[in-house]
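Trainee: The lines below spell out each chain.
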Amino acid sequence: MHKVIRQMGQLRLQVSQGAALLRSRETGNPVVISTAPPALQVKSLHTGGMLCAKWNKYNYGPRKWLEYNKTVHPPQETDEEPRKAYVCHMRNNIKYSPDKMWYIAAFVRGMSVDEALKQLNFVLKKGATDVKETILEAQQMAVERHNVEYKSNLWIAESFVGKGRVFKGVRRHARGRFGKVEYKHCHYFVRLEEGEPPQHYYQEPQTPEQQYEHWLEQMRSRKIINSL
Amino acid sequence: MEKIASAKTCLKLLQVLPGVQQAATIPGGLAPPLQNLIQMQQVRHRQTKHWQPEFKRLRKLKFVKMDLPNLREKQEDITKEEMRSRMKERGVLPPRPWMERPFHISCTGGIFEAYVPPEGDGKKSIISTSGAKQKLEFLEKKSKSLMAVRKIRSYEESFGTDEFGAEAQDIYIQAHTHMAAKEKYKIREFVTERCYPEMMHNVKDKTIRWKFLQSLEPPRVVHARVTEVITKENQFAQVTVRFHSQQMLAIYDRFGRLMHGSEILTKDVLEYVVFEKHISNEYGKWRLHDKIIPDWLPAKEPAPITYRLIEDMEEEPPKELSAGEEAKQLETGSEQSKEQLQLTTPVESRAKPSLTI
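These protein sequences, in sequence, are chains A and B. Quick note: the first sequence uses the UniProt record's numbering, first residue 1, plus one each step. Quick note: the second sequence uses the UniProt record's numbering, first residue 1, plus one each step.
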């Protein structure tokens, strides 16, 4: 357990030092360590190359979302309705639980950008600032790079949360037992679309009569005619 | 000796004692039980509500403390001292400073002795006074060009000012069609390394429809220069060709909406295009190098898009508003923004359009 904790302590350094340093360390160390005296061995444990920000080689974080910004749609005819501009943006590895972030992400879904920014000022949750900043960044991107004319003419078409890196910690229990603590990170994704937000983002609310009609139709459709 | 030593200790004690008394009076240096009392006084916030606040410290101790890496830390936010201490801790040497500057030796970095297009070219007649003056100046400057042409011919025997026009037009068309098709590898044969970023910088997320319809006047060589770079054998030749042609240009944005130009509109284009060749290189090719945009050219017509000037953004500081004010501002926001919006030409957002006269 001690080892794990020490390794975790070293993580922070690894993250900050840039790719060039990391590469140089990955190539060098293991041979040296096996021959080093025990006292030295403790100090330069071979955690170096292993536990950096990319200790897991394929740990790139979400990559596909921003690729959508590179799609180029074919030119439209003059009589066609102009396609709505959209812009995808995200913020990764926010130190906040994805479970808690979900409430904020779902809250702003389907709002216009101005409305969302206004509402988020009054959300007393830590993640709200991150969401707000992400939306602002996306708005700026849309205007500067994606040919959106009015920055207020945008609405939040998609807003969701992904799970980021999770660090495992330890918590003491009675009788020498211990429990596990998860220090979670999350990614926040947003897609802004040009135009007015729709009246109902989800399904249109139905009256009891409509619901009954729907149910009735469903029941009747189950009947197989001319059968036994 | 002993007496002196004892006296010293006595003095020390005296020095220490008032310090102790002082410590007792200052709130920070309270006796331990008192200190505990202060810590136990809880303030209940919404988040820090616990049904038994007295054991808060003990509960906190249950968690084994560990350092979490800050995953959102940016490279530029770390101070130099911080970085230094971290690297010392890890035993890492600082990276070597990057002193090299990349540059190309297969083309020059600009136009040398650029041609100055006569004002009102394509509009003024030779019979008018200014037209005649231009013609005279043109003749004066020609001797240097002739020398350069002779020099080029010494390296490239088949070079001739009359034949080069057609060749240049072919290069010109090829370069532009490849740019419109975003063929980033094929275009390298027709444009120099200096020209490449200028042509390809903004085409990435756009669709360009470009067509060379016809040549109004046959392309003509108006200017030629040769220079050596670093050594005397290393010769570069630049030839300026005048194109007067009809072209069609339409630029669509990422979503297929028309940004600039039109597909059904033909425009007369007068251009002075510089071609370059590394003549001392046996395998050198004539490539498009630059376009000359004269100072007297009238301003381009503004883009049909409204956007906010950056100066306006700087003027209004980002301020935290109370709820009431914020709501008010948002109501009036649309009107305000309309006032601040102005029409101007977004030069950088365009792929370099042809010089239209």
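Hints were generated in silico from the structure; no laboratory data involved. Accuracy of the hints is not assured; some may be wrong.
[To be verified] Using 27 angstroms as the maximum straight-line C-alpha spacing, the simulated DSS-like pairs for lysine-lysine come out as follows:
#	chain 1	residue 1	chain 2	residue 2
1	B	74	A	70
2	B	74	A	95
3	A	84	A	151
4	B	74	A	184
5	B	204	A	168
6	B	62	B	204
7	B	204	A	125
8	A	132	A	64
9	A	184	A	126
10	A	223	A	151
Trainee: With reference to the structure, classify each hint as holding or not holding.
Mentor: Structure-based check of each hint:
no. : hint            : in the structure
1   : 74(B) - 70(A)   : 25 angstroms, holds
2   : 74(B) - 95(A)   : 15 angstroms, holds
3   : 84(A) - 151(A)  : 13 angstroms, holds
4   : 74(B) - 184(A)  : 20 angstroms, holds
5   : 204(B) - 168(A) : 43 angstroms, violated
6   : 62(B) - 204(B)  : 55 angstroms, violated
7   : 204(B) - 125(A) : 39 angstroms, violated
8   : 132(A) - 64(A)  : 22 angstroms, holds
9   : 184(A) - 126(A) : 14 angstroms, holds
10  : 223(A) - 151(A) : 53 angstroms, violated
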